[in-house]
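Asks: Using the sequences provided together with the hints, build the complete structure.
Number of protein chains: 4
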Amino acid sequence: MSRSARPSLRGVRTAERGEARLIHETKLRVRYSETDAQGIVNNANYLSYFEVGRVEWLRAAGLSYKELERQGYGFVVAEVSAFYKKPAFFDDELTLSTEIVESKRASFSFGYRLFRNGEVIATGSTRHACVELATGKPRRVPEELGARVFGGQP
Amino acid sequence: MSRSARPSLRGVRTAERGEARLIHETKLRVRYSETDAQGIVNNANYLSYFEVGRVEWLRAAGLSYKELERQGYGFVVAEVSAFYKKPAFFDDELTLSTEIVESKRASFSFGYRLFRNGEVIATGSTRHACVELATGKPRRVPEELGARVFGGQP
Amino acid sequence: MSRSARPSLRGVRTAERGEARLIHETKLRVRYSETDAQGIVNNANYLSYFEVGRVEWLRAAGLSYKELERQGYGFVVAEVSAFYKKPAFFDDELTLSTEIVESKRASFSFGYRLFRNGEVIATGSTRHACVELATGKPRRVPEELGARVFGGQP
Amino acid sequence: MSRSARPSLRGVRTAERGEARLIHETKLRVRYSETDAQGIVNNANYLSYFEVGRVEWLRAAGLSYKELERQGYGFVVAEVSAFYKKPAFFDDELTLSTEIVESKRASFSFGYRLFRNGEVIATGSTRHACVELATGKPRRVPEELGARVFGGQP
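Residue numbers (the numbering used here), protein chains in the order written: chain B, 1 to 154; chain D, 1001 to 1154; chain Z, 2001 to 2154; chain A, 3001 to 3154.
Honestly, the hints are just simulated from the structure, not real lab data.
Straight line, CA to CA, 35 Å or less: simulated DSBU-like cross-link-like pairs of lysine-lysine:
no.	chain 1	residue 1	chain 2	residue 2
1	B	Lys86	A	Lys3066
2	B	Lys86	A	Lys3137
3	Z	Lys2137	B	Lys66
4	B	Lys104	B	Lys85
5	B	Lys66	A	Lys3085
6	B	Lys86	D	Lys1085
7	Z	Lys2066	D	Lys1086
8	Z	Lys2104	A	Lys3086
Incomplete in silico selection of chain B near chain D, CB under 10 Å:
no.	residue
9	Asn45
10	Leu47
11	Ser48
12	Ser81
13	Phe83
14	Lys85
15	Leu133
Every residue gets a Cβ at the ideal spot worked out from N, C-alpha and C, and that includes glycine.
Replies: Here it is in structure tokens:
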């Protein structure tokens, strides 16, 4: 497995949808503070990993979540799920694979797979709504974002 | 809504299963460190709230998770889901309602509803397997625990 | 030790300064997510405890930090120290004692003592500056706050 | 500033002690979950950064904290201090510089400086005692560790 911390980005043409799908891989090293008294990564911290994954996915897609916020938009988390197959331990080197699994007018979903040495140890997904930060009101995903990220169909 | 920090415990006889169902309510005050730059509670922290909820549920049922660990057993999280309906803010007083929603031989599930002023702002569930801590191997839920908590049918 | 979750507030007249000193006690129950793989509360989480302590201190003094923020002010942390004497474990019931230990024109300090069964297991302090949230610029502590909390001498 | 995620390690001969001093630099990207409602990194999370810094310092020195734990030893945190000069924001790229600033028979201290674009935004230190994990009793730093890390004088 490559040890680079630089984002790797693979454009995969999927037969079903006839469009390029970006799958982004982020490297994570388990921090001591992320473990709990069971000696393993606490279940809540996987959601923080997923959050890192989607920020890095956006960056790899040429978008900065920080810039999006500066423009007055944000993504709120509407739904999460996680499946824990094997525990993760302090100092483990994990690879988080992130991709968009669904996109609609005002919401979209990311899917995540967490690997250790090529083996999937957890999976998950998050669904997000785009909101105007000032009001918290749902908004269509900004056009530029939609076009660049979702191929124009959000 | 009662403001007591003492656990409240309601035994509800459910028609479908003909057995008592314990629903436990825990009060939580949102800490500043639990918020993020969106000004709301970060999505990952709901899983820590759920964790508090099930520890308190067990205590209300006469069981100490700490004692369970001393006997060499633990519950590992196999699966979580959460649905975020309204954001929670710093200093909000929340009520977390926890109950067992499913129990099987070697796994069981908790359901959660998070309220603010009587309104549900989030729901979720977690599925757990019972393991022997020394080996990490799945084990049947210890009999005493099963009998007291799940009415003998885990 | 009293088990009430309601804030207890003691006014102590200190000889040196001839003024009432508020000491506020907050109860905390150690959450599983606050422990780490050493089986004890991770050192970073004590700072979150301290944060809870000063929010509750302010509330006991008749001030809401949330309200202060609504008025456009906030306290930034300039400095922290913590001394760990005994480890804290999952499910421990702790009492956090918080008081103002110094107040100046534009900054003030809280002192903390964390107890388990009447024994001090950690101490610490934090120094804060008052800032205008919009600009991040240092500001004098708002007069009303100063008067009520620090006896008019901040 | 180099952007490599690989540890950089500089051996600096210090006049006062006539020995090589290892200064290790770790890159950190601020996660969304590390911010709070002030829009900046919550003060407690700096201690988790410091923890990452000393784990990476040890690795750069040829030691694995994980391996140390396997041998039955651990470092407990006895004392921390942190000084916050400038806030850190979501997505900031930070460089954490870690070094040993003191070593004694049974305890030693790390010093930390956190940089953004070459500017120090925070500093801190932590003091640690070496303990036998099974008993929690203080122990001399294991000889091999002492020799490799502290030049034989712990």
